[in-house]
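Student: The chain contents come next:
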Amino acid sequence: MRAHLIRRVLQSGLVLLVVGFVAFSMFRFVGDPVDNMLGPERTQADIARLRTDLGLDRPIPVQYARYLAQAVQGNLGVSYRLGRPVADILAERAPATLELAAVSGLLALVGGVALGVLTAIRRGGIATGVLMTLSLVGVSLPTFLIGIGLIYVFAICLGWLPSFGRGDTVQIGGWTTGLLTASGRRALILPALTLGLYQMTLIMRLVRSQMLEVLSHDHIRFARARGLPEWRVLFRHALQNALVPVITVAGLQLGSIIAFAIVTETVFQWPGLGLMFINAIRFVDIPVMAAYLMLISAMFVAINLLVDLLYLFIDPRLRPAQQRSGG
Amino acid sequence: MMGRAADGAIGRGQSLARTPRALLSLGVLAGLVLAAIGAPLLAPHDPFDPATLDLMNGFTAPMTHNPYTGDLFWLGADDQGRDVFSAILFGLRISLFVGMSAVALAAMLGVSLGLLAGYLGGWVDGLTMRAADVQLTFPAILVAMLIFGVAKGITPVAYRDEMAIWVLILAIGLSDWVPFARVVRGAAMVEASRDYVLAARLSGRSGPAIMLRHILPNVLSPVLVIATIGLAQAIVTEATLSFLGIGAPPTQPSLGTLIRTGQSYLFSGEWWILAFPAATLLALALAVNLLGDWLRDRLNPVLQ
Amino acid sequence: MSVGPVLSLRDVSVSVPGRGARGARALAVDRVSVDIAAGEVLGIVGESGAGKSLLASAVTGLLPPRAGLSGGEVWIAGARVDHLPEARLRRLRGRVVGTVFQDPLGALNPLMTIGAQLAETIAVHLPLSRSAARQRAAEALAEVGIPAPADRLGCYPHELSGGMRQRVGIALALCAAPALLIADEPTTALDVSVQAQILALLKRLCRDRGMAVMLITHDMGVIAETADRIAVLYAGRLVETGPVRDVLDTPCHPYTDGLVAAVPRIDGRPGRLAQIPGAMPPPGARPAGCAFHPRCALARDRCRKDPAPEVAAAGGRAACWFPCRSLPARTDP
Chain A
1 MRAHLIRRVL QSGLVLLVVG FVAFSMFRFV GDPVDNMLGP ERTQADIARL
51 RTDLGLDRPI PVQYARYLAQ AVQGNLGVSY RLGRPVADIL AERAPATLEL
101 AAVSGLLALV GGVALGVLTA IRRGGIATGV LMTLSLVGVS LPTFLIGIGL
151 IYVFAICLGW LPSFGRGDTV QIGGWTTGLL TASGRRALIL PALTLGLYQM
201 TLIMRLVRSQ MLEVLSHDHI RFARARGLPE WRVLFRHALQ NALVPVITVA
251 GLQLGSIIAF AIVTETVFQW PGLGLMFINA IRFVDIPVMA AYLMLISAMF
301 VAINLLVDLL YLFIDPRLRP AQQRSGG
Chain B
1 MMGRAADGAI GRGQSLARTP RALLSLGVLA GLVLAAIGAP LLAPHDPFDP
51 ATLDLMNGFT APMTHNPYTG DLFWLGADDQ GRDVFSAILF GLRISLFVGM
101 SAVALAAMLG VSLGLLAGYL GGWVDGLTMR AADVQLTFPA ILVAMLIFGV
151 AKGITPVAYR DEMAIWVLIL AIGLSDWVPF ARVVRGAAMV EASRDYVLAA
201 RLSGRSGPAI MLRHILPNVL SPVLVIATIG LAQAIVTEAT LSFLGIGAPP
251 TQPSLGTLIR TGQSYLFSGE WWILAFPAAT LLALALAVNL LGDWLRDRLN
301 PVLQ
Chain C
1 MSVGPVLSLR DVSVSVPGRG ARGARALAVD RVSVDIAAGE VLGIVGESGA
51 GKSLLASAVT GLLPPRAGLS GGEVWIAGAR VDHLPEARLR RLRGRVVGTV
101 FQDPLGALNP LMTIGAQLAE TIAVHLPLSR SAARQRAAEA LAEVGIPAPA
151 DRLGCYPHEL SGGMRQRVGI ALALCAAPAL LIADEPTTAL DVSVQAQILA
201 LLKRLCRDRG MAVMLITHDM GVIAETADRI AVLYAGRLVE TGPVRDVLDT
251 PCHPYTDGLV AAVPRIDGRP GRLAQIPGAM PPPGARPAGC AFHPRCALAR
301 DRCRKDPAPE VAAAGGRAAC WFPCRSLPAR TDP
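Residue numbers (the working numbering), protein chains in the order written: chain A, 1 to 327; chain B, 1 to 304; chain C, 1 to 333.
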């Protein structure tokens with residue numbers, strides 16, 4: 001297991017290096033950075049100076065190393081479109097996306113597990129049939145259509161919830177949060193639902209099939225034969241075992257929640273990283289695209305490592321044996 | 001174990017005729033494909049010809065005569081007086097074209113890389129599979145967005161709109177080759193050690209070409225399943241990118257572009273500009289997905 | 001001294017779904033009656049599919065999803081339990097009837113320490129504090145012969161050997177000192193050397209605690225070593241029952257005779273390693289008359305037409321038209 005973890009860490013490092021190279025290549029080769037950074041009234045001297053400043057006269061590997069070193073220090077360049085340091089833009093945008101992703105992820109996990117257990121226990125029930133059919137439709141439904149549908153029903157027809165923006169926010173240190181104001185929380189409901197629904201259906205289906213499998217195991221029969229109450233058999237013994245494989249999927253889903261936040265943020269004009277990224281693509285703002293790519297990769301890699309560690313914590317079979325006894 | 005996650009209500013081993021859901025999906029898909037192919041014949045208007053557009057027809061509701069021009073539109077007209085039904089037919093054409101081309105590209109790329117990786121082994125195999133691992137770390141849609149962004153940056157500004165469809169196909173196709181490569185690689189590794197491959201190599205013929213002929217029958221059904229499920233994904237990805245404004249341009253609108261346009265009029269009450277393209281996209285995605293589910297259960301290959 | 005049997009099964013039948021999509025329900029256990037007294041081990045023997053495990057499951061009402069008790073009465077310690085609601089039945093499980101399963105690794109929750117599983121079971125049945133329950137858990141482990149029990153409480157099932165796991169399984173079943181222990185193939189998954197230890201442990205616990213034990217096995221050797229009385233099941237029916245010595249020495253039913261003869265002998269003599277020809281029919285496909293007749297060398301027309309009657313035999317009873325006829329054919333003393 002330790003070897004496995006070391007391999008995973010090395011693999012993660014490799015992923016980051018590759019992504020860093022992709023980001024660097026984008027920055028270096030897509031469009032001319034000097035062209036993009038200087039205004040129309042530039043002199044030959046300006047160009048030469050900037051070239052030296054950016055190190056563009058050095059060999060490519062040196063430039064790459066320099067780019068990575070700068071990125072690690074938080075220097076991610078200047079946005080072509082906004083003329084501001086990319087790091088500042090990221091810091092400003094990140095709280096909105098992280099709050100949205102966290103709430104959606106929580107919703108997907110809690111809702112998915114609850115519905116998965118329900119549909120596994122009430123196997124032949126009407127509610128199960130309805131939920132399973134809905135989940136089949138839910139998996140095919142593009143995220144942006146879910147968002148538009150929710151806006152139409154809850155914002156336009158019923159007028160209960162806002163259809164765009166983040167509502168009022170409060171500044172705490174460098175973090176702007178919408179969770180502390182009523183309007184901020186109201187504004188979060190529809191985007192979080194939109195973003196979490198797809199992952200919820202996935203987790204629900206997985207939990208259901210895992211529960212059904214675990215419930216047929218011998219240790220469940222033995223737990224019943226020992227006279228344990230049914231709720232304890234279901235929620236302690238069965239659910240605990242069913243959740244082990246769910247962790248991997250849930251971890252990966254957290255990654256795709258961050259990616260799909262791009263779509264949700266666009267539908268709801270949510271001022272986060274995703275909206276920033278889409279605008280960067282539309283206006284070919286390469287430094288912002290490259291920085292977003294690296295930031296997202298770092299998050300994905302961190303999540304994957306965390307999932308590996310979590311496994312170790314949950315499943316004792318993966319830990320090195322403490323003692324062994326004959327007999 | 002993960003494969004069991006999708007235990008659907010669709011049972012195993014049922015024929016198409018006995019699964020009404022799959023049959024219905026096939027019917028819907030066939031209808032939509034035919035409508036897309038026959039769009040120039042079926043469409044009452046040519047949405048690409050500005051000369052036929054009459055701004056006075058703007059926002060005409062479905063099945064009502066425009067009070068000024070007296071024109072009737074089955075599914076209404078959009079802000080510029082364009083017939084929504086015609087726009088959907090041509091949008092469907094673009095959506096299906098992009099989706100199918102992207103899957104074809106992904107399949108060709110994946111099958112070739114998988115074949116080479118399985119046949120050559122060694123560092124080629126290692127490199128290909130590491131690349132697959134790295135790419136799989138990221139959701140396909142994000143990869144497609146990045147490729148689109150980079151390709152857009154490389155394309156000269158004057159050609160961007162014109163090239164957008166091809167860039168879209170490239171972006172979606174490149175983001176989805178991994179499942180194909182994995183299946184073919186597995187089969188190729190088994191075949192590579194067989195005698196006929198050795199014989200072919202000794203006689204100076206190309207090993208991969210010979211293998212492809214032998215492997216193809218074995219991997220045909222998993223490749224078909226991956227392609228079908230991939231098609232559903234590609235259609236949704238295309239629609240999403242176009243909806244986000246980084247896909248098919250307004251001059252060549254796909255269903256996603258139409259939905260993007262229609263979204264602006266949701267608040268003002270012109271629901272038909274959004275609702276009909278959205279319903280079409282939904283029917284298309286659902287039909288392909290259900291068909292893919294049914295195929296997977298029917299052929300039941302070991303999928304990654 | 002005896003105040004009646006701890007367990008008494010009266011004409012118990014268990015039905016299962018028939019073969020095919022809409023096959024009629026079939027009896028997998030057909031009117032079986034046995035008693036087990038306190039301090040007695042009853043060995044139930046038969047091929048797989050004979051209905052042994054279903055019979056055992058019927059005692060605590062934990063039949064598989066599509067099987068059901070379709071007739072007869074179950075009496076435990078003088079009280080009839082087969083009609084009790086689920087909530088009342090659950091209170092019997094673990095407290096009055098303990099169960100030990102075949103595969104000790106599969107029967108334990110892999111993600112919980114054995115201490116936690118013991119403490120949880122104890123807490124359900126006994127009014128003890130947390131620390132007292134933990135104390136009691138260590139005692140339970142000591143009782144089944146696990147060395148350094150307090151240190152073992154923090155172990156996970158996969159960290160123990162097969163024999164140790166089965167001891168844990170027995171300790172779990174005995175947490176609340178049940179009057180009846182059902183052991184379903186408790187040694188089948190274990191090494192031969194460990195088998196004997198586990199069987200000796202079961203026998204000792206039975207004697208020390210005055211507990212009734214239902215030992216289910218397909219292994220005549222296990223029966224010979226452990227059981228006081230034997231009940232032979234064939235195709236869901238009880239074909240012979242009696243004290244284990246008598247039945248093994250003079251089997252009266254031809255099927256029992258076949259089983260006894262099939263045991264390889266270790267006393268040096270080249271015993272017949274006989275095999276019974278044919279296979280046991282599944283529920284729903286059982287022939288008319290005596291269910292064993294297609295495989296029976298002694299079968300006559302009568303066996304093919306009418307169900308076998310129960311007759312007194314070698315200290316017990318047998319269900320056969322021509323009991324004890326096979327004896328002359330055997331070369332043993």
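None of these hints come from the bench; they were simulated from the model.
Keep in mind that a hint or two might mislead.
In silico negatives: residues of chain B with every beta carbon more than 10 angstroms from chain A [as the list claims (entries may be wrong)]:
| id | residue |
| --- | --- |
| 1 | 39 |
| 2 | 137 |
| 3 | 142 |
| 4 | 146 |
| 5 | 148 |
| 6 | 161 |
| 7 | 205 |
| 8 | 236 |
| 9 | 245 |
| 10 | 263 |
| 11 | 285 |
Derived coverage of chain C by chain A (criterion: at least 3 residues anywhere in the stretch with Cβ under 8 angstroms from a Cβ of chain A; other residues may be distant) [what the hints assert, rightly or not]:
| id | region |
| --- | --- |
| 12 | 69-80 |
| 13 | 169-175 |
For every residue, glycine included, the Cβ atom is placed at its ideal position computed from N, Cα and C.
Student: Of the hints stated earlier, which fail here?
Tutor: Numbers 2, 3, 4, 5, 8, 9, 10, 11 and 12 - these are the hints that the structure violates, sorted from lowest upward.
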